[in-house]
Amino acid sequence: MQDTLSKEQAFEDKIARGQVIEPKDWMPERYRKQLIRMMSQHAHSEVVGMLPEGNWITRAPSLERKLVLLAKVQDEAGHGLYIYSATETLGADRKELIDQLLAGKAKYSSIFNYPTTNWADIGAIGWLVDGAAIVNQTALAKCSYGPYSRAMLRICKEENFHNKQGYQIMARMMRGTKQQQEMAQDAMNRWWWPALMMFGPSDKNSPNSEDLMRWKVKLYSNDDLRQRFIDRTVPQAEAIGLTIPDKELKWNDKTRHYEHGEINWEEFNAVISGNGPCNKQRMNQRIKAHEDGKWVRQAAEAYAAKHYN
Amino acid sequence: MQNNNDTQWMLWEVFTQEKPGAPFEHAGSLRAPDKELALLNARDVYSRRNEAINIWVVPADAITASTPDDEGPFFDPSNDKAYRHPNFYKTPAGIKQI
Ligand SMILES: [Fe+2]
Ligand SMILES: [Fe+2]
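Those sequence lines, one after another, are chains B and U.
Going by this note's numbering, the first residue of the first sequence is number 120, and it counts up by one from there.
Going by this note's numbering, the first residue of the second sequence is number 12, and it counts up by one from there.
The shape of chain B in the complex, shown without the other chains (with noise of 0.2 Å):
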């Protein structure tokens, strides 16, 4: 038998040599205790992320977007199954993730605290809140943790048509009247600044833990997304007349990066702890929809009781 620290040794060289870890290998607790809170936060993201959008469906503006936004809503409770098997993985058991996040006691990702008060809400949604997800998603995907790195692969291949539809959405309604061409403006200023909040609070107040680092937990800062997401947003914005709000924006030719202005991190922590327009809301719709679920979850088990034991 290895000893503790021979076994932490071994496992920081296989991690070293770029090997992936697998559910049956040996790694350090804090390894384990990180990834489970990560990827229950991002499982619990995804499912609750369902409700703004899912608002809009019966209100779509054609069938074409209606059968658009309800294929999206599908693939978004995909990624929350996939992330939670990926948890369980790692020895934490679903029912009490689920548990911990009905209780008000996880975290999900705050840009679900927002409303989704028009359509152009739902363009900004697929093409900002999602591209920024992609980002987040991408770097993810090289983890180094089997199971969550999988799912991460499956579903960066499914975020880009949310991103893409979301985008078009966005660039019709740009081509469109001026009313339509000011709300999709609106949307954009509404969720730019909370779309970048989605990367976590600044480096400077976010020191990257050397280990979670190492362990390839977390591969870039918080800061180094943001700038990815950024630069790769503006000109899509630019490409069909949306502007940017943020006065402080602006390109730099030394860096090759763009100059954001300064995060309401206030506004930030106030909904991280609660107080987001619809913080309540959201949770009081998915304790309604689980509580609505469990007749359905039982009468399926006792169907199979009788039918296949």
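Quick caveat, the hints were computed from the structure, so don't treat them as lab data.
Accuracy of the hints is not assured; some may be wrong.
[To be verified] 16 Å max Cα-Cα, derived EDC-like pairs, lysine to aspartate or glutamate:
1) B:413 <-> U:17
2) B:425 <-> U:45
3) B:407 <-> U:17
4) B:276 <-> U:62
5) B:425 <-> U:47
6) U:46 <-> B:420
7) B:143 <-> U:72
8) B:214 <-> U:17
In this text, all values refer to a predicted model and were calculated from it rather than measured experimentally.
On the provided structure of chain B, position chain U with the ligands as indicated by the hints.
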């Protein structure tokens, strides 16, 4: 319903075949109360974009797996059997193809 025993259903592992003749590969897992629903859920979750032409679902607890701790001893028997590989054998000079 009065029953307070909520359930998340049992865990299944899903294997998919991408095209005829291809091997089945592990696609992921899901929850379902029985095999029929497991198959339907597997189709909805792992083949929404023609990723599979065939699916196997297996109750997760029916799978027996090797453990990483046996990695050495368990797979050892194949280490000292170089004669199982074609490059163990030297071909006489002048022979182009065998
Ligand atoms: Fe997603
Ligand atoms: Fe998405």
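Against the structure, the hints come out as follows:
no. : hint           : result
1   : B:413 <-> U:17 : 7 Å, holds
2   : B:425 <-> U:45 : 11 Å, holds
3   : B:407 <-> U:17 : 14 Å, holds
4   : B:276 <-> U:62 : 12 Å, holds
5   : B:425 <-> U:47 : 14 Å, holds
6   : U:46 <-> B:420 : 11 Å, holds
7   : B:143 <-> U:72 : 15 Å, holds
8   : B:214 <-> U:17 : 9 Å, holds
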